[in-house]
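Undergrad: These protein sequences, in sequence, are chains A and B.
When the count follows the working numbering, it moves up by one through the first sequence with no breaks and lands on 234 for the last residue.
When the count follows the working numbering, it moves up by one through the second sequence with no breaks and lands on 663 for the last residue.
Errors might be hidden in some of the hints.
Restricting the straight-line Cα-Cα distance to at most 25 Å, the calculated cross-link-like pairs of lysine to any residue (SDA-like) are [unchecked claim]:
hint, chain 1, residue 1, chain 2, residue 2
1, B, Lys299, B, Tyr362
2, A, Lys90, A, Ala232
3, A, Lys50, B, Tyr362
4, B, Lys205, A, Ala232
None of these hints come from the bench; they were simulated from the model.
Note that the coordinates shown come from a computational prediction; the quantities given were computed from them, not determined experimentally.
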Amino acid sequence: MSDLPFPIAREAVLRRRADPDLAGHDPHGPKEAVPGTGHGDSGPASKRIIVGYGFWIFLLSDIIVFSCFFAAYAVLQGSTAGGPTIKDIVDLPRTAIETGALLLSSFTCGLSYAATNARNKLWTQVFLGITAILGLIFVGLELQEFIELAGRGATPQRSAFLTGFYALVGCHGLHVSVGGLWLATMMAQVQLKGFRHEIIHRLICFNLFWHALDIVWVGVFSVVYLMGAAA
Amino acid sequence: MFGKLDWSAIPFNQPIPLITSVILILGILGVLGLITVKKWWGYLWREWITSVDHKRIGVMYMLLGVVMLIRGFADAIMMRTQQAVAIHSAGYLEPEHYNQIFSAHGTIMILFGAMPLVIGLMNFVAPLQLGVRDVAFPTFNSVGFWLTASGALLVNISLFVGEFSRVGWLPYAPLSETTYSPGVGVDYYLWAVQISGVGTLITGINMVTTVLKMRCPGMTYLRMPVFCWTTLASSLLIVAVFPILTATLAMLTLDRYFGFHFFTNDAGGSPMMFMNLIWAWGHPEVYILVLPAFGVFSEIFSTFSGKPLFGYRSMVAATLFICVVSMMVWLHHFFTMGAGAAVNTFFGISSSVIAVGTGVKIYNWIFTMYGGRVRFETPMLWSMGFIFTFIIGGLTGVLLAVPPADFLTHNSMFLVAHFHNVIVGGVVFAVFAAVEYWFPKAFGFRLHAGWGKAAFWFAFIGFWVTFTPLYILGLQGMTRRLQHIDVEAWRPMLQLSVVGVAILIVGVICQVIQLVVSILQRDKLRDETGDPWDGRSLEWATPSPAPFFNFAVMPNVEGEEAYWGIKQRAIDTQQLAPEPDYRPVEMPLNSPVGIYTAFFSTVTGFALIWHIWWLAGLGLFAAFIGFVVFAWRDVHEFEVPVEELIRVERGRRAARDAFLERIRQGEGAPS
Ligand code: HEM
Ligand SMILES: [Cu+2]
């Protein structure tokens, strides 16, 4: 375990400032080209930048998948085929709790990365654990919602509108679930292998993923539930 | 236990697929047997299957693409001959079978032929041109290749087990829904394309990151060869639109497997949404294919004209222009489906505007040749054939982009001729040119020039004899995808087209002979200097074949046309740059994760197609276990010792010294 105290240690902040990988991107850092940033004259970027960058691009492509489901939902929203409309199925209180859990989990995920930065294994694990629990609450509530709706006959087979609804919300839920599996393997890796370079890179990617899912959820919550309740 | 799978899936009563698949299976068994007898497995496993070297992966992509191209060509021969004989008669292919053939042909040619060929080129060439040792994510690169191979395998399994889709290369809904396509054909399509699509997305991410983040020192954006720019543009398009394909096919899968209503006729589903989504991917997809082809031609025109590319900056601008605008034209594929005059006008104009970017490029290539010392080597022949062919294809495209004209030609043979004109003339010609051009870099010897030129002339003439009749047939009113024909007047053109196919077959035979002859004469055709064409970009700074670490010392680029500058300096000063101090190099270790993933994705895909749920679950579980196990690995790289670097580098310098010596004696540069 690291001997640096939590929360973010001053040492860790200083180390971040001194990290050449980040220098080029730091508004307070040096302005001239820094070797290894991959810009202009400097040669290939460091592994850490490459991994983060590639993962960003993956996230962008994933967001395009989501936007297709958003578009489908928007197109099909009115096609209820005589079945329930969006107003009939939104349950705002439950969704509010879901949203709270997910936003909170993003916060704890951020805290876990602060602890990673301080190379503090215990707090990294604690916050990753809390993130996992909050994620589980989110998925659990969503599942409950789906089961209740299905019990009332509002299944995706009922109408095109419900198809779009289940697919969009479910696609996000599936992402959170897969993220949860990833999170579990990350916790095992952190525990058994410690803060090796590649593990820190993976933690960066995981953080990006989790925050991105949060942003997508804000979209789902607004477009499906808030606008639906107001409809 | 085995879901929908039983003995009736094997086509015992259909001689054509049965015989083909028996021959195929015997062939595969024969190859596997040969490998076993010759004890090549170890070599294959170490040097190819688990390799993460971008050049090896590139070569394997090309090999896959060529094999699929041959499979697709066989389909094409059947379709052309069927139409030529099925005039007022049934021909020799029943409708169900004929429909599978044209669907498989399009799917295979675009997604499993052209895509692997283009991706293979990007993989092989771009890192060398950027002066780096590998792509950003070498292991993922291998995964991407093997996933593509897995998809290709599934398509070919459908020949023997079950059936393939009958609804065309794009599964238009609602025809592709279970109501109208209850069999497993569409499911084969869905899972094969979905799996290979993941592989393509990986490549896109990989190449974008490589080009943007991994250039050698001094390689600023505006010093990159145009091929790297087109690689970037094409990969950006992959990242932007392949997710649309994934999402669309996922929706269709949900419709088919769980009774959802995305694209169904009933319960409010929207078939038009399918059209929009699939073409929002589909049109950019054709530019994903053709942009790298433009890159290839840019390299070749400047090398074989002995001049820098004319209008380099305008070329870059045109590439990026096409990249962006290609995402704003998709509706031209369904002008006739009732979008209304205003919408059609917008998309008609935006489609024609793309031709402006393409026109800029054509002029640049022509001006590159103008005033140059043009050498008519095989790659140059393909490139000049391309200019001619592609101009016609582009012009007919602009014609189709005029909505009133498209109402007459939509879904006719005219359309078929148009897109073959651009895809064969653009992409396939580029691939053949590129293979001739970069073959020495991959294998250390050139391809035989005479057979190469013969292949070009047969392919070029054969292409025009095959497709000009189709333009005429289209204007005479013949629609696409006809299994039999009731109009006597179309007979001559259909038969002429078969003559063209025969000429094309001769071209293919020439290609095969070229390969064999070149291998037999490899000592005579050996490329000693590593720079067989008097090249201008960094790949020619390496020895041929390029060592696995590409560059012993990372090059330092000081201007446009990186290698040309280095070469001219050496010729001017009559000596090579002083020897740098060598440092050990880190290279990624081989990894079996690619083949492992592909194995389980094939199993899972097959299980899902046949509704064998336990097997699908098992496959997914195994994939997850594999993911964890491979993530556990601690050592990812090994160090190449300095001695090895020096050995390779000294050999290269000796060859270059000999080259300088020859120039001194007045022999001139090799041509
Ligand atoms: C000058 C630029 C181009 C224009 C204006 C253009 C225009 C069009 C139009 C309007 C159609 C639809 C016709 C119809 O369905 O009635 C079409 C179809 C097609 N084009 Fe192009 N095109 C161009 C370049 C290309 C290129 C470069 C490629 C491939 C590398 C290509 C591949 C295709 C394919 C595959 C189809 C048919 C798809 C199908 O219906 O199955 N086009 N083109
Ligand atoms: Cu198009």
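Undergrad: It remains to establish, for every hint, whether it holds in the given structure.
TA: Do the hints match the structure? See the list:
1. For a cut-off of 25 Å, the pair hint linking B:Lys299 to B:Tyr362 stands: about 9 Å separates their Cα positions.
2. Taking the CA atoms of A:Lys90 and A:Ala232, the gap is near 5 Å; set against the 25 Å cutoff, the hint holds.
3. This hinted pair does not check out: A:Lys50 and B:Tyr362 have alpha carbons roughly 44 Å apart, beyond 25 Å.
4. For the hint linking B:Lys205 to A:Ala232, the alpha-carbon distance of about 46 Å lies beyond 25 Å, and the restraint is violated.
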